[in-house]
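Enquirer: Spelled out, the chains give:
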Amino acid sequence: MTETLQQNWLSKTLAVCERLAMSPSEPYDLEIDWALRELGNLARVDRAYLFHADHDRQVVSNTHEWCAAGVNMQLKLLKDQPIADYGALVDPLIGGEMVSISDVERMPPARAHEQAILNGLEIVGLLLVPLGHPLRWFIGFDAVRAPIYWEREHEIMLQMVGQVIAARLGDAVLTDQDDGEDEALRRIMDSMPHTIMLIDQSPARVRFVNANYQDLFNRRPDTLVEDPADWLRAVHPIDRPSVLATVAKPRTTPTELRYHLKPPNTPQRAVEHQVFPVVGSPNSAVHLIREVRDVESPEDLLPREDTREALRAEVERLLEENAELHTMQRITHDSASMFRDLAERAEAAILVVSNGRVLYANPAARRLTGRSERELTRIPLAQIFGTAEGVRILKATREGYHSTLSVTRPDGELTSWSATVQPFQLSGVSATLIIGLDVSDHVSRQARIASELNDMTRLARSQLFAQLYARLAHELNQPLTAIVAFGFGAALQLEKAGADPEIIEIVRRMSAEGERAGQIVRELRSLFEQPKPELRLLTLDELIRRPTELMASELTRERIELRLVVSEGEQQVRGQPAQLELILLNLIQNAIDAISAQDTQRWLRVSGERRGERVIIDVVDPGTPIAKDIMNDIFEASLSAESDGHASTLYLCRRIAQQHGGELARIDDPQLKIFRLSLPIAEEDE
Amino acid sequence: MIVVIDDEEAIRASVRFLLRSLGHEVRSYASPLLFLNDPIEPTLVLLDHLMPGMTGLHFLKEHPDFVERVPVLLMTAYATEIREEALAAGARAILVKPFSPSDLVDAIQEHVGS
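So the protein sequences, as listed, match chains A and B. Remember, the working numbering sits 370 above the position in the first sequence when you count from 1. Remember, the working numbering sits 46 above the position in the second sequence when you count from 1.
Be aware that a few hints might be false.
[Said to hold, decoys possible] Covered, in the sense of this in silico footprint (three residues per stretch, anywhere, with C-beta under 8 Å from a C-beta of chain B), are these stretches of chain A: (1) 818-829; (2) 835-848.
[Stated by the list, open to error] Ranges between beta-carbon positions, derived for each pair: (3) B/Glu108 with A/Arg981: 29 to 39 Å; (4) A/Arg879 with B/Arg73: 57 to 67 Å; (5) B/Glu131 with A/Ser896: 14 to 24 Å; (6) B/Asp84 with A/Ser896: 50 to 60 Å.
Since the hints were made in silico from the structure, they are not lab data. Note that beta-carbon positions come from the ideal geometry of N, C-alpha and C, so glycine has one too.
Based on the sequences and whatever the hints tell you, model everything.
Expert: This is the structure in structure tokens:
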């Protein structure tokens, strides 16, 4: 009999007992027939029955019988049977003992007579339980179709139900318990998993208690006789009032409660307590108390409501956690296969690294690093990405980072990856995902642009410096010319006046020194002389197109949308293409820097149109407008010098614009940052 | 009579002092426009190039008859940029500032005699 079936058996047997106890007193036969059917089905036997013995115990009669389908009834055959006909088979019953034969075929030869009797009745096994001593009733199970190996539970089942039946039929089996002579019953009671007490409530008297009491309450049963209410002391103080109110109240119907015991020197345990009033004696009740070991719910083990809530929450959390874990495992599994599937086909290099070693490298990673996956897994990260970047990858925080990685291939070629480095946790393992796109072309293109910008800036600077020096030379030459002329004239005048020859010589030397200073200025100026710059006609489209194309990849990399608006027509300006491009390249680069540095919209507008006799080019970005009070200063070299890169050339750009007859200005706008380049329109035949 | 046209007062005064020391009659003007408003016929003109209102080169191009009739020596600190253009416009010589007095005297003697 399985554990589950046993429990099912117990509760259903108790239900049978309850119904028998509560049913109207007469007629009672139908209730007994129902009870036998229930018992037979619960025990999975072929026959369940009740026998009555006469006062002299000479004749027995089968009074009630239930048979499983296909099993012959014997009720009518077994009326007023002389007990002697059954010989030794029923002797134990008269002595108050059970009769248990599991397999008639295997009975020893010494019991051949009994075996023959049972064979005659087509019984292959039986279990008989006496009710009362001296014998008045006995209750039993038959096995007809196949042997049944009787368990203790079968005995208890018959004993419990039989007691109730006997009590209802007016022959209470416990009436003779006062002197404790019914050892058979005691043995049955002791074998049950319950602590069983029969208690009279008024006056308080313990009429029976089985051996399990000591195990459950940690005290000897005989001490209970002196103080029947003493068992309550083992009840947990929290539960005690409600337990007392329930079990101490005389009642006519069975009741059940659960509470907690905390006897001295024993751990607390949960118990199930059933109270069966004795039929016809509401002052008495049978108490069955059982520790709840095979709990159906964790709640049964809890002493307090708040703790129950805590446990319930914990259980729910665990369930939820397990659900999440299960989901995570499933997702992880699915994701892993999906990841590998995607990674194998990805154009980007994908590496998974852990503890400084590559765990996985997709084909693109192998191609871009120039190494096999086997090789990648065997070399340290530093050998792939360089020491500094290798350390940075290992120390990456949970947020990850984006960077341009330099990767040295075994053939010495250096490639550049635009990469995302993202640490993650998978099944408790710390790893880092590196996804990199080969941007070597982009980087070299950027380097070319930077170099070109640098060259153009240097050229423009030298041209500007030459012009500035020419202006300086002019300003110096004027007073030097005057000094020389005055000196020469003065010497002539002194000669005419017959002045001291030494004085005349001094004046001539002054004039000559002035002349020499002029020569030095001229020689210095020649050092800065530039070839005459090429001036040519440029259309508005030409002027804007090349700088925006040069910066296209930079704009793409920074995810900045370029809005190009150039009006149609053949508007032209005359100028040095490189210098004018330099202005726009710097304005665009400054805008990219501003957009990238701020959390703002990511667009840049370059527009060109003709307004009157001028061409107007606006470079507009949504970056923070420059404050009015420094608007006029932004072109000053001192301020611009504080910025790095192209911003420092704003001053130079304005000078270039001015040398082309134009202007570069910052337009005041509360929302946008606008730089405006204006240049005069040039005609073909100028 | 030698005329000196230069917007720089120091140049006008020093060249005028030098030439007068050499015995020349000299008149000076701060701009070509002021000279053109004065109805005189000089024997030689010392003309500065970079002046506000009208450059020396501009004067040469605007008054070819005068340039053909009266020798004009152009004074400038930017000789290399305008030398060819100035000579083509009729300038007899280019004096690069700061010029030496001897160069000035030689140029004057070459074009008007001592």
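Enquirer: Take the hints in turn and mark each one as holding or not.
Expert: Comparing the hints with the structure gives:
no. : hint                               : in the structure
1   : 818-829                            : violated (count 0)
2   : 835-848                            : holds (count 5)
3   : B/Glu108 with A/Arg981: 29 to 39 Å : 33 Å, holds
4   : A/Arg879 with B/Arg73: 57 to 67 Å  : 30 Å, violated
5   : B/Glu131 with A/Ser896: 14 to 24 Å : 19 Å, holds
6   : B/Asp84 with A/Ser896: 50 to 60 Å  : 38 Å, violated
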